[in-house]
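Q: Sequence:
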Amino acid sequence: EGCAQTLLRAAATGIVGGSIEDATGISADPIYPFDLSVERVEAAVAAARSLPFPFMLTARAENLLHGRLDLPNTLRRLQAYAEAGADVLYAPGLRTAEEVLAVVKAVAPKPVN
Numbered sequence: 002e003g004c005a006q007t008l009l010r011a012a013a014t015g016i017v018g019g020s021i022e023d024a025t026g027i028s029a030d031p032i033y034p035f036d037l038s039v040e041r042v043e044a045a046v047a048a049a050r051s052l053p054f055p056f057m058l059t060a061r062a063e064n065l066l067h068g069r070l071d072l073p074n075t076l077r078r079l080q081a082y083a084e085a086g087a088d089v090l091y092a093p094g095l096r097t098a099e100e101v102l103a104v105v106k107a108v109a110p111k112p113v114n
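What the sequence shown shows, in the numbering used here, is residues 2 to 114, in sequence order.
Calculated from the structure, these hints are not laboratory results. Every value quoted in this text rests on a predicted model; they were computed, and no experiment measured them. Ideal Cβ positions, reconstructed from N, Cα and C, are used throughout, including at glycine. One thing to keep in mind: the hints can contain errors.
[Said to hold, decoys possible] Label pairs and their in silico Cβ distance ranges: (1) Ala98 - Pro53: 34 to 44 Å; (2) Ser20 - Arg69: 15 to 25 Å; (3) Val105 - Asp71: 15 to 25 Å; (4) Glu2 - Phe54: 14 to 24 Å; (5) Asp30 - Pro93: 16 to 26 Å; (6) Ala98 - Ala47: 31 to 41 Å.
Let the hints inform the model, and build the full structure from the sequences given.
A: Below, the structure is given as structure tokens:
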């Protein structure tokens, strides 16, 4: 619910897009559990769709930025975020063209940042 309220408050300022991350901000436990991260994206999508104007929502899988070099888990997260309704998917920290291609293929036809 917190991420949905944050999105609505931000949209009230006039912005028409934003991101939701699966990073917790806690160094000892940097990534939200899979199910919770999907619930957060679903809540943000619902909030975005409730607005009277289009809002572009990017969902970010932050594994690679936090030392979790687990591309299959990152792809699983991005696919779930796409299914939850995120408009754009982003996995910061991709290191090779092959990893970028894997992300693009995993979430097609959704755009990738």
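Q: Each hint: holds or not?
A: Tested hints:
In this structure the supplied range 34 to 44 Å holds for Ala98 paired with Pro53, their Cβ-Cβ distance being about 40 Å. At roughly 19 Å, the beta-carbon separation of Ser20 and Arg69 lies within the given 15 to 25 Å, and the hint holds. Checked against the hint of 15 to 25 Å, the pair Val105 and Asp71 passes, with Cβ atoms roughly 18 Å apart. With their beta carbons about 22 Å apart, Glu2 and Phe54 fall inside the hinted range of 14 to 24 Å.
For Asp30 and Pro93, the hinted distance range of 16 to 26 Å is satisfied, since their beta carbons lie about 19 Å from each other. A hinted range of 31 to 41 Å holds for the C-beta pair Ala98 and Ala47, which are about 35 Å apart.
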